[in-house]
Amino acid sequence: MRVLAAMSGGVDSAVAAARAVDAGHDVVGVHLALASNPASLRNGARGCCTLEDARDARRAADLLGIPFYVWDLAERFRADVVEDFVAEYAAGRTPNPCLRCNERVKFAAVLDRAVALGFDAVCTGHYARVVDAGDGRRELHRAADPAKDQSYVLGVLTAEQLQRALFPLGDTLKGDVREEAGRRGLAVAGKPDSHDVCFIADGDTAGFLRRSLGAAPGAIVDADGTVLGRHEGAYAYTVGQRRGLGLGRPASDGRPRYVLDVSPVERRVTVGPADALDVRAVLGVRPRWCGPPLGGEFHGSAQLRAHGEPVPARARRTAADTLVVDLLRPVRGVAPGQAVVLYDGTRVVGSATVDRVVRASSDVAEAGRH
Amino acid sequence: MRVLAAMSGGVDSAVAAARAVDAGHDVVGVHLALASNPASLRNGARGCCTLEDARDARRAADLLGIPFYVWDLAERFRADVVEDFVAEYAAGRTPNPCLRCNERVKFAAVLDRAVALGFDAVCTGHYARVVDAGDGRRELHRAADPAKDQSYVLGVLTAEQLQRALFPLGDTLKGDVREEAGRRGLAVAGKPDSHDVCFIADGDTAGFLRRSLGAAPGAIVDADGTVLGRHEGAYAYTVGQRRGLGLGRPASDGRPRYVLDVSPVERRVTVGPADALDVRAVLGVRPRWCGPPLGGEFHGSAQLRAHGEPVPARARRTAADTLVVDLLRPVRGVAPGQAVVLYDGTRVVGSATVDRVVRASSDVAEAGRH
Amino acid sequence: MSVPRTYLDHAATTPMRAEVLEVVTARMRVLGNASSLHASGRAARRVVEESREALAAALGARPSEVVFTSGGTEADNLAVKGLYRARQAADPRRRRVLASAVEHHAVLDPVKWLADAEEAQVEWLPVDPYGRVDVAALRASLAADPGSVALVTVMWANNEVGTVQPLSDVVSAAHEHGVPVHSDAVQAVGQLPVDFAASGLDAMTVSGHKVGGPLGVGALVVRREVELVPLLHGGGQERDVRSGTLDTPAIAGLSAAVVASQEEQPESGQRLAALRDDLVAAVLGAVPDAVLNGDPSGDLRRRLPGNAHFSFPGCEGDSLLLLLDARGIECSTGSACSAGVAQPSHVLVAMGAGPELARASLRFSLGHTSTVADVEALARAIGPVVERARLAGVVNTRKVSA
Amino acid sequence: MSVPRTYLDHAATTPMRAEVLEVVTARMRVLGNASSLHASGRAARRVVEESREALAAALGARPSEVVFTSGGTEADNLAVKGLYRARQAADPRRRRVLASAVEHHAVLDPVKWLADAEEAQVEWLPVDPYGRVDVAALRASLAADPGSVALVTVMWANNEVGTVQPLSDVVSAAHEHGVPVHSDAVQAVGQLPVDFAASGLDAMTVSGHKVGGPLGVGALVVRREVELVPLLHGGGQERDVRSGTLDTPAIAGLSAAVVASQEEQPESGQRLAALRDDLVAAVLGAVPDAVLNGDPSGDLRRRLPGNAHFSFPGCEGDSLLLLLDARGIECSTGSACSAGVAQPSHVLVAMGAGPELARASLRFSLGHTSTVADVEALARAIGPVVERARLAGVVNTRKVSA
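Protein chains in written order, with our numbering: chain A, -4 to 365; chain B, -4 to 365; chain C, 738 to 1139; chain D, 738 to 1139.
Since the hints were made in silico from the structure, they are not lab data. Check the hints yourself; a few may be wrong.
What follows is a list of derived Cβ distance ranges for each label pair [to be verified]:
hint, chain 1, residue 1, chain 2, residue 2, range
1, D, D906, C, D853, 34 to 44 Å
2, A, G60, D, P829, 46 to 56 Å
3, C, P829, D, E962, 29 to 39 Å
4, D, E1000, B, R(-3), 39 to 49 Å
5, B, S189, D, R799, 56 to 66 Å
Which residues of chain C face chain D? A few of them, derived with a C-beta cut under 8 Å, are [unchecked claim]:
hint, residue
6, M765
7, N770
8, T810
9, T1108
Computed from a prediction, not measured in an experiment: that's the story for all the values here. Where a beta carbon is used, it is the ideal one built from N, C-alpha and C, also for glycine.
When you get a sec, could you build the whole thing from the sequences and use the hints?
The structure is reproduced here in structure tokens:
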């Protein structure tokens, strides 16, 4: 098979590419340059798109003896991921940019281009398994390493995309990958994992949003509308957040207060007690199906964050192609904009974007702002 | 013989060194760095001591396959030649720095050092001949090329110095030297001869003296003491000079006026008609003998300038070891400070420094100023 | 790589000539610092000076006009900054730098540096659609205030599209006002007749590895009377204009390569031009809508004989390069200096191309080892490659709708 | 020269190691510009990066801290000017440059340039009679106004008299005030244990040809967080800090040479020190009034093991050099950079020597090819040579009376 290996400069994608080579594929390495102004080595901390990462990726490709190119996808990334990220926050939603990147860049723009250029598949270092269902169809499953499992951010892939996806690390524990990298002489073996949002090099999401959206001061209120404090921009707050509210005096009942709701349009941040965060159902829009689209009622589990716990769930599609997901165990702090990914055991069934949540403490579905 | 070839960077000394090599000597090339601040290639016209000359000399040595060094004689040159030059002018005398350099640097400091280091002789590109007198003594003779003959500036060499002097070009015409240089592949073959005083790169002796001595304005007078004009420094004038006097109105008799006398101490320049310049005798001091010192009266010829005509002369030593030279044909424009060199046919007998001149138009010897 | 390679990237670097390799290797076996005074130092110095003389003779210059550097980039930096600083020191009014808009980065970036850090006022001279500098614009710029111009810098021939600049017009325009002219001749040597004295230039940049010589060595040929402020200070090995221990083996190799390429030029210029014309015909035959950039005449006086530069509408240059590379054909999307992410070529943009066409471009460059087989390999590959690249190009410019 | 040569001038340049010659030659046979995107470009890039990693590992640095240059002079210029300009741009008050008075010209002259042209205020740190920099003076200078110091530059070990500088004290003094420190380690590598990370330095200069590597290549090792303004602008090949096509063969050779010399150092340092001690004993035996300059201890922590530096009262260094050269013994009167005319060494003058003693000095430097036979040859020659040179010295300093 002719395989295009997306190489980020990290240890995972390097070992993934190495395994693709070992498997006898004809592999070409590509580093995706995603930053509009690729930071020179010397003026910045690490992000996923620095020159240093490109260099590390190239060194790994050298070692594997495969051709290597840098593809400039900065324009696409900006339009499809970064601007989406900012717009979602501006609308009071909490997006997952990695998921968006997989959906629109890595397994869309890159995959399409690769196929056009004659490649059969794109290989990445994601921890997830693609399993042959026996009937020619392929299924997406959780990785063998539960701590590293990335099936959640791949829950947006369609069956078509899965056909051309290669995740050679799905069966392996992260520790073993590092060890293997060392054994292979890959210089990136000891390189730390990247955790934060790649295009926010310093990890300061609030600062990034402030620079992107400007200040928008407003009030911090409780469920009754009583003003408890001020903020410089509602988008800097995340549903479920406890620290950094700066409210000075404690709640009258003495219980810690959490962000319950963020309304950038009204410039309002609502806070309240922890139990008010519990969500018992979500309404998802824009569903994506990794296999056959959901037919009747689904019984399985749902996951609402990249590293969140799966909870037992029931789901059904509505006529308007939205998805109602009942969470059989309440989940704390779900925000509109997050993805809900449905699992049947380890198999990813599909995903949708949370549009509204239904609080355990309420009987009404709460709308996200559009 | 172990021969030290002084290589100026010009064509003559290069061919001289080449001939010394051909003659079977063990030759080492040395470039004498004479300028205190060796001009970089880029900031100045040519002088004898530029880096470019050192480079040309080195290239010639390379081609001959002989070792090559640069000897720093700037301090000696400054003290013995440049300061002497300035002091002589300041005293109203007209020195010949080449002669001084041969006397005190090339065939003194350099030769002495060479001998100490184990060399048997110093070889230069001077046009002059050293002839074996048959009795172990060596004689200095005029060169075969009368136009290039440099025996005058070598007239200061003692018999001892001559024993260790090698002038391989004495028998050759300048044109043939150039041709030979070309044939030998010496890059300097086409390099123009240097003419002016080597340490005055721009050829502006008056300017050099002005910078060295400062302005010393005074009067230009005629023989009667009548003031005819002003000058900025008597040292800028040379006995015999006609142009550049800037006197405005002509002499009353309509004849051109010449500098007859320069008296820097009195800041006085005396001018007068050409015939007042004629000199019929000179008194020389500090005689130097190329062979046996002059015993009785000498009959031969005398030369008073590097490129001057020899004239028939008689000479005798006085008790105080000065030399009285009668010029049997008057010589125009002789200044104190010049050297008088005595020749017996082509053989150089010796030399002295002109201290006073006796004008054809006067009966009294005129004293130089000390 | 086990595939047989077809090398069509001589403008980026060239294989070392066998005789040069021999010269360099032989000299590397011999010890000597050319500044040392003893025998092995003198022997090294002799090699340096003989190399200098041979190189000077080959380029119509005098030995004393040759300043050896670590390559074209250093020579360009030395010329641009050195001239600016010297001219500016001599007369503080001289702050204007007139440079063609299509210079190589090794000139472009020093010029920008002078603007950013040393108060130079830069005027980028426009070029025509072939990339040829507008001499009338230069004349107007000069005439506007000649006393404020520090220098003019216009390359001899463009590294991307191969256009030969009207240097003699540039020189005469500048010299009318006593303004010195520097030219980056890195691409010209070996491809065109290059004679420094005849050119009238004040300074000219030469590189080793573009003419079958070693990497890491070049020269600035600069007239003796031109003042230059040094860039690298230290031992002053190159007449106080450039410091650093002389790289004797590389200098010997540079000289041998320049001499060989200058000797061959009358014949090889014709040979490469004929080969290049075949290449252009083959590409246009296989891809009729390909656009030949640069001067279409193919005349040596107008275009480098080894240069062919195309835009392939609907393709990404990156895709073409990948596909050709997979077939063992090596070429370039432009200058090889960019650190990975392709920027639209400033040369094509200056020539009026839109960013899309600029990104759709590919340079094939021939040199001393180029053969008919190279052109034939490209002729076979280019059709299918462009077809594929077009698919990828369309895919890639389609915005994903969410 | 047919005389057998005794090479005692390793501080000027060293013979290339056989394995390095092989590496360089092999790579010269292969085509490739490390910035090209195709296969041969990638192959060249691979060589560069593997060389970078090996060199970094050998010097206790990270690969990303290595900037390849055209040699020690360029690296020194880049460090001194680049640090000054960056620090000065960040805070205009930072105008002071503190440099030891015994730096190599490649540091000395850039520092002077900054003073002459860029308003730097230079303070030359005094040294003791052994040439060791006065750390108390440095501390006082820093403390006087720490906010105005742009950088400190102190060489690792002196090229003339071999004195090892108290770098860790220098670094800790400077870092107390947040001032970066550069060190020219050109003479130290291969002779002393050199570990960049352990040194605490912010930037360190390395050269190829002093350790059996090629000429024309070196590196500046510089910590990632240190800002540097580039010296050579252009393609930005070395992380935008240095431009110019990477010289792949030379870089491979540099790396191989540094790796080899660092590997050998523990053994060769001892070997050379023993050889040098024999040499010193032999010279002082033959010429009892010769003066050994620099630190007399011979301890590796105080003096380069390959260095022996003497003054021979009553002699001219030039005469000694000529006489030894004639006997096939090659050494140096000091730095090999001077263009011909010997100036009294600024190092010896800073150490308190009078100009006469300074001009009477000679350096013998040992390196990887040095043998007992070299020392024996010198031992045989030095006595008679000094005797002759004394005659010449006396003659030459006698003023001619007219």
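Evaluation of the provided hints:
no., hint, verdict
1, D/D906 with C/D853: 34 to 44 Å, "38 Å, holds"
2, A/G60 with D/P829: 46 to 56 Å, "51 Å, holds"
3, C/P829 with D/E962: 29 to 39 Å, "37 Å, holds"
4, D/E1000 with B/R(-3): 39 to 49 Å, "46 Å, holds"
5, B/S189 with D/R799: 56 to 66 Å, "58 Å, holds"
6, M765, "6 Å, holds"
7, N770, "4 Å, holds"
8, T810, "4 Å, holds"
9, T1108, "14 Å, violated"
Hint check: a violation occurs at hint 9 only; the rest are consistent with the structure.
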